[in-house]
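The hints should help you fit chain B onto chain A, whose structure is shown.
Chain by chain, the residues run as shown.
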Amino acid sequence: MHGLVLDLAVLWIAGLLAASVALVARRSSAAVRILSLDTLVLVLVGLLAVFAADRRETYYLDAALVLALVAFAATLAAARYYDESRPS
Amino acid sequence: MSGVLIWAVDALVVLGLVVMTLGVVGVYRMPDAYTKLHAQSKAVALGVICLLVAAMLRGESLTALRGLLVAAFLLATAPVAAHVVARAAWRAGEPMKGERVIDESGPVPEPDAPER
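Chains A and B, in that order, give the protein sequences. Position one of the first sequence corresponds to residue 1 (this note's numbering), numbered consecutively onward. Position one of the second sequence corresponds to residue 1001 (this note's numbering), numbered consecutively onward.
For reference, chain A alone in the conformation it holds in the complex (with noise of 0.2 Å):
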């Protein structure tokens, strides 16, 4: 019963990565488009913690941990060369 939420969540949680990915890949402006990227390693974290949950393993996390400072880094760099690009 228990395994089977978290298998579900896992299903769940792919369903909207794909959704994710759909939205980075949309055609819109660059701000939203930073914004989706940034929705999709978040989601990517939250998968990574259903699995660190299921599977009662630490190290999932850790790999968690560093996906949110490499999305992060990603979010500010982007955000700065789009602000830096902008017709003056």
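One or more hints might be untrue.
The list that follows gives simulated cross-link-like pairs (lysine to any residue, SDA-like), each with its CA atoms no further than 25 Å apart [stated by the list, open to error]: (1) B/Lys1097 with A/Val24; (2) B/Lys1097 with A/Ala22; (3) B/Lys1042 with A/Val41; (4) B/Lys1097 with A/Asp83; (5) B/Lys1042 with B/Pro1031; (6) B/Lys1042 with A/Val70; (7) B/Lys1042 with A/Ala18; (8) B/Lys1042 with B/Met1096; (9) B/Lys1097 with A/Ala30; (10) B/Lys1097 with A/Leu40; (11) B/Lys1042 with A/Leu11; (12) B/Lys1042 with A/Leu4; (13) B/Lys1042 with A/Ala25; (14) B/Lys1042 with A/Ser28; (15) B/Lys1042 with A/Gly3; (16) B/Lys1097 with A/Ala73; (17) B/Lys1042 with A/Asp62; (18) B/Lys1097 with A/Ser85; (19) B/Lys1042 with A/Arg27.
Note that these hints are calculated values from the structure, not bench results. As the structure is a computational prediction, the values presented were derived from the model and not from experiment.
Structure of chain B alone, referenced to chain A:
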């Protein structure tokens, strides 16, 4: 593992999934970048934190400490990232969509203005 804790893990996982799904739907449905940021920075981040708390309850003390670290990191960085994206979008002239929007923040400063 006691019985209440197992149900708490299930409830937290389901709650986190619902909140994350609402956040992703919000990023789809909101009209412009600024309102999309509301859904992204608050709903998705808090859903992930719910899932992390579930993992912390399920695992041992080491897992709980790691989960606390990741949750604190997300709580610290999600507002900063949202602010940076919103600021870049506003300075790039990203339009606000909607029937009665009003931008009270004035003109965008010159690119070489020493305001940073």
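Verification of the hints:
1. B/Lys1097 with A/Val24: Answer holds: B/Lys1097 to A/Val24 is near 20 Å, not above 25 Å.
2. B/Lys1097 with A/Ala22: holds (22 Å)
3. B/Lys1042 with A/Val41: holds (14 Å)
4. B/Lys1097 with A/Asp83: holds (20 Å)
5. B/Lys1042 with B/Pro1031: This hinted pair holds, its Cα atoms lying about 17 Å apart.
6. B/Lys1042 with A/Val70: holds (19 Å)
7. B/Lys1042 with A/Ala18: holds (20 Å)
8. B/Lys1042 with B/Met1096: Holds. B/Lys1042 to B/Met1096 sits at ~20 Å (cutoff 25 Å).
9. B/Lys1097 with A/Ala30: holds (16 Å)
10. B/Lys1097 with A/Leu40: Satisfied, since the Cα-Cα distance of roughly 24 Å is no more than 25 Å.
11. B/Lys1042 with A/Leu11: holds (23 Å)
12. B/Lys1042 with A/Leu4: Roughly 28 Å separates the two Cα atoms, so the pair is violated.
13. B/Lys1042 with A/Ala25: The given pair, whose Cα atoms are some 22 Å apart, holds under the 25 Å limit.
14. B/Lys1042 with A/Ser28: OK: B/Lys1042 and A/Ser28 at ~21 Å, within 25 Å.
15. B/Lys1042 with A/Gly3: violated (28 Å)
16. B/Lys1097 with A/Ala73: At roughly 29 Å apart (the allowed maximum being 25 Å), A/Ala73 and B/Lys1097 break the hint.
17. B/Lys1042 with A/Asp62: Holds, at roughly 23 Å.
18. B/Lys1097 with A/Ser85: Holds, because 23 Å separates the two Cα atoms, which is no more than 25 Å.
19. B/Lys1042 with A/Arg27: Roughly 24 Å separates the two Cα atoms, so the pair holds.
Checked against the numbered hints given earlier, the structure breaks hints 12, 15 and 16 and satisfies all the rest.
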